[in-house]
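Asks: Using the hints provided, position chains Y and X relative to the given structure of chain D.
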Amino acid sequence: MLEQSKIDKITSDLLGSIRLNKSFMIWMGFLGVSLFVCLGAYVKQLTDGLVVTGLGDYVSWGMYLSNFVFFVATSLIGMLISAILGLSGAKWAAPLARIAEIIALAFAAVAGLVIVSDMGRPDRLLNVFIHGRVQSPIVWDITVVTGYVLISALFLYIPLIPDLKICSEKLDKIPPFQRKIYKILSLNWNGTLEQEKLLKQSTRMLAILIIPVAMAIHTVTSWLFASTPRAGWDSTIMGPYFVTGAFVSGSAAVIIAMYFYRKNYKLQDYITDFHFDKMGKLLVLVSLIYLYFNLNEYMVPGYKMKKFDAIHLNNLFIGGHAVMFWMVQIFGLIIPIILLLFKKMRKPLPMLLIGIAVLIGAWFKRYIIVIPTMEHPFLPIQNVPLHFKVYTPTGIEILVSIAPLILVLIIITLLSKVIPIIPIHETIEQLEEKH
Amino acid sequence: MYRIKFKIAIILGFTGLINFQSFAQNNWDVPADKKSKNSNIEFNSGTAKEGEGIYNTNCKSCHGDIGKNNSLQSLKPVPPDLSSAQSKALLDGELFHILNVGRGLMPSFKEVLPESDRWKVIAYMRSYDKDYVQIISKTDPAKANLVKIKMVFDSINSKLNVEVVANEKAGIVKLKNAEIALFVTRHFGKMQLDKTLRTDNNGNASFDFPKDLPGDKVGNVELIVRVNDEIYGEIESISKFKIAVPTDKPSLTEKRAMWNVLAKAPIWLILLYLSGVLLATGVILYIIYNLYKLSKSNNNLKN
Amino acid sequence: MSEQEEKPKKKTRREFLQQLGIVGIGSVLGSSAILAGINYDKKKTEGQRIRILTAENELLEIEKSDATPVVKTKYENLTYLQKQGRDGIEGKRFVMVIDLSKCQNARKCMSACQNAHHLRPEQHHINVLKMEETENTPPFYMPKPCQHCDNPPCVSVCPVDATFKRQDGIVLIDNERCIGCRFCIAACPYSARVFNWAEPLHAQEDADKTYDVELNVPQKKGTISKCLFSADQVRLGKLPYCVSACPNGVYYFGDENEDAVTNGTTKETVRFRKLLADNGGYTLMPELGTKPRVYYLPPKGKEVPFQEKDRDEAAEHLSHS
Numbered sequence: 001m002l003e004q005s006k007i008d009k010i011t012s013d014l015l016g017s018i019r020l021n022k023s024f025m026i027w028m029g030f031l032g033v034s035l036f037v038c039l040g041a042y043v044k045q046l047t048d049g050l051v052v053t054g055l056g057d058y059v060s061w062g063m064y065l066s067n068f069v070f071f072v073a074t075s076l077i078g079m080l081i082s083a084i085l086g087l088s089g090a091k092w093a094a095p096l097a098r099i100a101e102i103i104a105l106a107f108a109a110v111a112g113l114v115i116v117s118d119m120g121r122p123d124r125l126l127n128v129f130i131h132g133r134v135q136s137p138i139v140w141d142i143t144v145v146t147g148y149v150l151i152s153a154l155f156l157y158i159p160l161i162p163d164l165k166i167c168s169e170k171l172d173k174i175p176p177f178q179r180k181i182y183k184i185l186s187l188n189w190n191g192t193l194e195q196e197k198l199l200k201q202s203t204r205m206l207a208i209l210i211i212p213v214a215m216a217i218h219t220v221t222s223w224l225f226a227s228t229p230r231a232g233w234d235s236t237i238m239g240p241y242f243v244t245g246a247f248v249s250g251s252a253a254v255i256i257a258m259y260f261y262r263k264n265y266k267l268q269d270y271i272t273d274f275h276f277d278k279m280g281k282l283l284v285l286v287s288l289i290y291l292y293f294n295l296n297e298y299m300v301p302g303y304k305m306k307k308f309d310a311i312h313l314n315n316l317f318i319g320g321h322a323v324m325f326w327m328v329q330i331f332g333l334i335i336p337i338i339l340l341l342f343k344k345m346r347k348p349l350p351m352l353l354i355g356i357a358v359l360i361g362a363w364f365k366r367y368i369i370v371i372p373t374m375e376h377p378f379l380p381i382q383n384v385p386l387h388f389k390v391y392t393p394t395g396i397e398i399l400v401s402i403a404p405l406i407l408v409l410i411i412i413t414l415l416s417k418v419i420p421i422i423p424i425h426e427t428i429e430q431l432e433e434k435h
Numbered sequence: 001m002y003r004i005k006f007k008i009a010i011i012l013g014f015t016g017l018i019n020f021q022s023f024a025q026n027n028w029d030v031p032a033d034k035k036s037k038n039s040n041i042e043f044n045s046g047t048a049k050e051g052e053g054i055y056n057t058n059c060k061s062c063h064g065d066i067g068k069n070n071s072l073q074s075l076k077p078v079p080p081d082l083s084s085a086q087s088k089a090l091l092d093g094e095l096f097h098i099l100n101v102g103r104g105l106m107p108s109f110k111e112v113l114p115e116s117d118r119w120k121v122i123a124y125m126r127s128y129d130k131d132y133v134q135i136i137s138k139t140d141p142a143k144a145n146l147v148k149i150k151m152v153f154d155s156i157n158s159k160l161n162v163e164v165v166a167n168e169k170a171g172i173v174k175l176k177n178a179e180i181a182l183f184v185t186r187h188f189g190k191m192q193l194d195k196t197l198r199t200d201n202n203g204n205a206s207f208d209f210p211k212d213l214p215g216d217k218v219g220n221v222e223l224i225v226r227v228n229d230e231i232y233g234e235i236e237s238i239s240k241f242k243i244a245v246p247t248d249k250p251s252l253t254e255k256r257a258m259w260n261v262l263a264k265a266p267i268w269l270i271l272l273y274l275s276g277v278l279l280a281t282g283v284i285l286y287i288i289y290n291l292y293k294l295s296k297s298n299n300n301l302k303n
Numbered sequence: 001m002s003e004q005e006e007k008p009k010k011k012t013r014r015e016f017l018q019q020l021g022i023v024g025i026g027s028v029l030g031s032s033a034i035l036a037g038i039n040y041d042k043k044k045t046e047g048q049r050i051r052i053l054t055a056e057n058e059l060l061e062i063e064k065s066d067a068t069p070v071v072k073t074k075y076e077n078l079t080y081l082q083k084q085g086r087d088g089i090e091g092k093r094f095v096m097v098i099d100l101s102k103c104q105n106a107r108k109c110m111s112a113c114q115n116a117h118h119l120r121p122e123q124h125h126i127n128v129l130k131m132e133e134t135e136n137t138p139p140f141y142m143p144k145p146c147q148h149c150d151n152p153p154c155v156s157v158c159p160v161d162a163t164f165k166r167q168d169g170i171v172l173i174d175n176e177r178c179i180g181c182r183f184c185i186a187a188c189p190y191s192a193r194v195f196n197w198a199e200p201l202h203a204q205e206d207a208d209k210t211y212d213v214e215l216n217v218p219q220k221k222g223t224i225s226k227c228l229f230s231a232d233q234v235r236l237g238k239l240p241y242c243v244s245a246c247p248n249g250v251y252y253f254g255d256e257n258e259d260a261v262t263n264g265t266t267k268e269t270v271r272f273r274k275l276l277a278d279n280g281g282y283t284l285m286p287e288l289g290t291k292p293r294v295y296y297l298p299p300k301g302k303e304v305p306f307q308e309k310d311r312d313e314a315a316e317h318l319s320h321s
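So the protein lines, in turn, are chains D, Y and X. Heads up: the first sequence begins at 1 in the working numbering, then just goes up one per residue. Heads up: the second sequence begins at 1 in the working numbering, then just goes up one per residue. Heads up: the third sequence begins at 1 in the working numbering, then just goes up one per residue.
So here's chain D without its partners, still in its complex pose:
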């Protein structure tokens, strides 16, 4: 049995982040003001129409759509770390599970908003539920994203139940209403055997359920593109290509979050170099798989050079999007893979930098998937203004695209201020098992 003092230390360490300090206030204030500015841009878009964006009748999907794909992609990491690694018994990932779930929930929930920002008539959103057609990938997407948000929320909440009980008992400087909420949400948790059993069973079922649903959200998102006949999108590997790409960006997001949580909340004892090392290896693994899919995606059509594939690939390899394409491939994928092969590079700070590079690369990778294809339809683009032929995002568009990221940061920060981001109950449990 673990001695009580150690349990108390773990508890107080992990509850340490739950307090509102000055730096939190400044950070939230900054996020709040930024969000306000971005919302102003969105209001402008609502009143004037999508004309305020750089979109046109040919490139009719732009930054918003690539942003949406990026958000859905990043949210997939919850499934990989909590479910796949959890079910396969990789114990090292347990302290990271909650971080991954928070990221999953935040990104998935915000992805829904991103897609609304792309709509010409957001006021008619309900039409999707009133007149929804089961044949449309958008309806599938809305279904699975909603499902994934719900399941991710449960997946975050259920393992949290024992911790909520701890929160309600151990946190002393919180207002009574907050304590009450903890109490209600902890569902009379008392750690009885039956409760433990129900908790384990529910967590396990969720872990199994979330795998197909998570696969579905990104596969369906890839089908938004793959279901059209356009060069660059008309590909059968789009589903797995997107899913593996998602693991890359999600892993990078988790690494970045790990770094900042660890630093700001003094969790060096719980998120250790060992965890970074493991995450580094995981990132190499998923990046290699993604690289393999990239090879398939570009080499197979590149070998044949069919008329419209050739136009598309030339544009990527040596044409207008070449710089972005090669930057993404080299700095977002190849160099990170090479660097992470060295143990020295799998330390927190280098990992943070690599993680940021990979995440930025992942964002531009989505841009590369969406825009060049739209700029080269089968029939020539003629008799329209120049800005219909070449897409350049406008300032308003960029601001509206930043808003979801701010929202994600707000959610991630807020959640870390109300719940322990390292599972207390599980940490103690694991230590007990060791003894």
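Just so you know, nobody snuck in bad clues.
Pair by pair, the computed Cβ-Cβ distance ranges are: (1) Y:K296 <-> D:E433: 24 to 34 Å; (2) X:K274 <-> D:L113: 52 to 62 Å; (3) Y:Y286 <-> D:L125: 23 to 33 Å.
None of these hints come from the bench; they were simulated from the model. C-beta: ideal position from N, C-alpha, C; glycine also.
Replies: Chains Y and X only, in chain D's frame:
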């Protein structure tokens, strides 16, 4: 609605086969019987005025203002000014034929303008020719309603036999050598079947009726015979026959398809979608039920 | 309003007009016939005779003072137009044939279309493209409307049934339903769709008009617009706007079931399949399996050559490969 403006000069030929190098202005090959055709409308200042309006809408964009030699020079061949000597030299029948059939860059006006309008354009043209003396056709429009057109379908040879007679007081007159054409009514206009014929000495003409012509659901078609006789003028007779191919194609939206409405979505897709949603919902509900049990389990212990 | 139902179906003109008055004051529930609309000319003054078109398509001429306009709520009118527009015309399968050998880039089709559908200059339901397919094949002009595919990728992907295919083959867009997701633009291989990025051109003038799904007017901000095969004209037996505007005899329009297409310039009606057979008719990108309802005749034996100044633009599309 059927007005056409030819503001843009480039008007292309119908056949696309005539080499425009061979275009010389005066070599319109007008058949003799067409040449001799004359208007039954008197060319006077009134009809010329009406013709001017029609001319301005349909002809001016290429031929320019008559007498001002401002026709569209970029066209090959250049459309002549219609007061030019070569135009004046043409007979009424020849001009009428040119208007009817068109050639090269000039379109046909036969189905665009009614016959009277086509003559009025010529009336307007002739108003620029002081030496012109009109030969009025012998046509008496009042006599048109004396004409009876009888259509009989010969199903063995797939022929539509037409007899054209006029019930004159003096007795029945058979319309000889009258121009006669057969049309079928379609959604957007009349479609000519077989060629334009001339009636024989007994006032008869026989049209080949296509065996593959689609009719309505039971094979009905509305046929129009148009007779153009020098004396009796233009007479049309419409009648329905049940001689075409019955056509009852199903609605294009009948079958289930990916593009059809929700009610006609592919069944496998509906099943796939519903089973996925139901399965996931089921599991989620079960988990929520577990949570309910979890919250109660503690109470039970205490009680 | 039971009086309406009690009356025998056949009415005298007088009775009919009296009813108009009664109906006009009260509700129009149950009188679906009248929902069809009575077009009366607003410009005419008192004491004049006006023409009205009854629901049964009977044209009547009456004293204006005798007629009382039926007060219809916008919704009721809209419902009727929506139903008629979504059902389409029974027994028809509309087709268009475009003879490329005749197209001289006059663009009358484009302007007629933009006028009819209240489009901005850069919005094209029909667009005349300068085409060059390979390096040594000659360039040509190609009018490109919506292909009204029988396997329309755009309709498949629509999440809300805003764009739909009718029984007569016409693919329409309902801008009262459209959510502006633009998935249809992404899915259309023919780039046939346009979007109202900003407030439409005649937004203010059209504000009070009842939306006709067959005309897609008034246009609405944040929704899709597309070629409609002039479904409103076709219903009246008239040729589409572009077809009748063409001065060069490029367009034929008709009914596949009748095997007849009518030329928009000469109004000559010919056999549809024979026209295709005699001239080597084809469809665009048949390999995509979209089954277009728009057929093309090749640009063979053009009398007026391709304009030299358009050559670069035509070649531009190829230059990327």
